[in-house]
Amino acid sequence: MVDAAAIDRPLRDFNPWPAVIVVCLVCLAVLFLAPTLGVLLSSVKTTRDIAFGELWTIPDTLFLGNFGEVIANPAVHRYILNTILVTVPATAASIALGVFAGYVFSKLPFRGSDVLFLILVSGMFFPPQVILIPLFRLFNTMGLIDTLWPIIIVHTALGIPICTLLMRNFFATVPNALREAAILEGANEWQVLMRVALPLSLPAIAVLATLQFTWIWNDFLWPLIFTNSDEKRTIMIGIVNLKGQYSVAWGVQGALSLIASIPTLIVFLFFQRYFIKGMTMGAVKG
Amino acid sequence: MADLRLENVSKRFGDVQVINGVDFAAKHGEFVVFVGPSGCGKSTLLRLITGLEETGGGRIFIGGADVTGMKPSKRGVAMVFQSYALFPHMTVEDNIGFGLRLAKLPKEEIGRRVAEAARILQIEDLLERKPRQLSGGQRQRVAIGRSIIRDPKVFLFDEPLSNLDAALRVQMRLEIARLHKRLGATMIYVTHDQTEAMTLADRIVVINRGRIEQVGSPIDLYDHPANRFVSGFIGSPAMNFIDVNEHGPENCTSLGAGSASIELDGCQVAGATAIGIRPEHLELAGPEEGDFPATVEIIEKLGAESLVYLQFDGSDLPLTMRTSPEHPLCAGETVHVRFNKDRIHFFDRDGKILNRP
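Listed in order, the protein sequences are those of chains A and B. All residue numbers for the first sequence refer to my numbering, where the first residue is 2 and numbers rise by one. All residue numbers for the second sequence refer to my numbering, where the first residue is 344 and numbers rise by one.
FYI, nobody ran anything at the bench for these hints, they're computed from the structure. Heads up, some of the hints might be wrong.
To be verified - To give a feel for the contact side, a few chain A residues facing chain B, derived at Cβ under 8 Å:
#	residue
1	181
2	188
3	197
Even glycine gets a Cβ: it sits at the ideal position worked out from N, Cα and C.
Produce the complete structure using the sequences and hints provided.
Laid out in structure tokens, this is it:
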């Protein structure tokens with residue numbers, strides 16, 4: 002009797018929710034991975050194969066001509082260089098400003114600093130469409146249209162709220178006693194930040210570096226608005242520019258798309274051990 | 344001479360007056376313990392001395408120099424924090440040498456002084472480790488090492504042992520006492536643990552509500568407390584307090600104990616509203632010699648002595664008595680207890696002591 006009850010119990014206690022969640026997650030994963038798979042497949046096929054509608058089939062032979070064409074194209078080199086020239090300074094500047102602001106809001110609060118912090122963070126909630134025309138007019142007046150400067154400046158500015166928010170919350174978890182101990186040892190605020198607080202906030206900086214780099218590298222909108230000539234285009238606009246007048250070179254675009262995603266992949270892989278730690282930080286005190 | 348002097352020091356946080364006109368002086372080489380209940384302002388006073396908090400009023404002198412407006416690092420003080428405050432990303436060696444590196448001393452000099460501090464604290468083997476690889480006691484030693492390497496005029500300890508377990512606390516307490524003897528430096532030590540205060544201090548400063556209640560040697564405070572607060576705070580178990588009946592017989596103190604009362608013949612101080620008596624000054628007696636009967640509620644056998652928690656018959660007033668463990672007492676038993684009348688403390692309505700037993 003006892004054994005029978007023990008055998009019955011698992012059936013009675015069956016909880017369908019984990020299975021439902023797994024099925025939903027698998028569906029979502031397929032939905033998200035399908036375009037990547039499409040790009041991957043198109044990049045290793047000839048334009049002829051794709052034109053025959055064989056996009057989703059596994060090719061018999063790998064055609065690497067698309068990659069060769071992309072790598073040999075001097076315009077692509079320029080796109081990549083422009084994107085690096087935008088992404089690296091904008092990422093570094095937004096993180097640096099976020100670190101300074103976050104440190105002040107967390108460790109050196111002043112009268113009205115909480116309100117200022119809220120105003121700063123509320124900058125995250127402005128949709129780009131709202132500020133698009135004023136910014137265009139502003140940079141046009143300054144004579145900066147069709148240069149990389151507006152893209153760098155806008156991405157730096159748009160990155161400040163999230164960088165400040167994350168860094169302030171991270172610095173709040175660094176005990177005040179560490180700052181006080183360093184000050185008693187003779188450190189000034191700059192030395193406290195650089196020698197104590199910053200080395201402890203590598204997880205937060207890794208998260209920000211990954212997010213900012215990916216977001217700026219993949220951005221399509223701002224380079225489209227602020228640049229006109231092919232010499233100033235970034236890689237995401239470049240992918241679109243690779244289409245012909247009467248046809249779309251799917252294979253070449255697919256190859257460039259994959260090449261364009263390599264830097265973000267490298268950044269993520271480089272920072273991932275910090276990234277996971279950073280995503281869970283602050284959840285548990287200690 | 345690295346003496347410390349506070350002149351009318353005060354501090355206010357918003358509407359709350361945390362430190363209230365404190366005057367105090369510590370001599371060179373003295374070990375002074377600030378003791379008081381949680382929130383009494385003892386840690387704030389320490390932070391005012393370090394300069395981590397700005398004073399609201401008054402002046403602070405270290406080694407004769409006015410340091411009131413000076414930067415913390417220029418005051419010649421070093422502090423050991425309750426949480427150790429070791430830099431987690433640095434090795435023990437880097438933690439100890441942090442201040443010297445900031446001061447841009449030559450590497451050889453830093454290495455020599457770190458090694459010397461490590462030798463004094465017996466942590467030579469730990470220099471390459473990170474703080475997370477250390478036990479609580481080892482971390483505490485590193486924190487002390489960081490403070491002694493700078494050769495400060497005044498050492499400040501902010502409840503440094505409160506995160507350690509009981510056994511380690513006793514051990515570290517001894518080590519701090521040895522360190523004081525060895526360095527001969529002025530040390531200010533904050534604690535709420537009055538056992539630490541009694542065992543370490545040359546002098547104890549009892550603080551309550553931002554004011555100094557009494558300053559004196561541990562034995563002086565124990566035997567001759569200035570008021571009821573100090574009497575209750577110094578000594579473990581605490582002193583017993585019993586209210587005095589207003590209208591008692593002449594030449595006699597009548598103690599109120601619920602519906603019962605205790606008459607202490609030939610023992611009276613005018614104006615007393617309460618008496619205090621330490622647990623060791625209550626003793627067991629026969630029915631004739633005893634001042635009052637009481638019921639044994641709980642007995643704590645500590646080995647060398649026993650603490651007996653008594654209750655007056657007819658009241659819920661608790662009393663603690665320290666006895667020899669040889670007395671064969673058991674809970675629920677009725678015993679007769681006698682006051683050592685020479686050791687009774689009398690307090691007036693404001694809690695001020697009226698006699699010097």
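Evaluated hints:
1. Evaluation of the residue 181(A) hint against chain B yields a held restraint, the C-beta minimum of about 5 Å falling below 8 Å.
2. Using the Cβ-Cβ criterion of 8 Å, the hint placing residue 188(A) at the interface with chain B is satisfied: the shortest such distance is roughly 6 Å.
3. Because the closest C-beta pair between residue 197(A) and chain B is about 6 Å apart, less than 8 Å, the hint holds.
The structure shown violates none of the earlier numbered hints.
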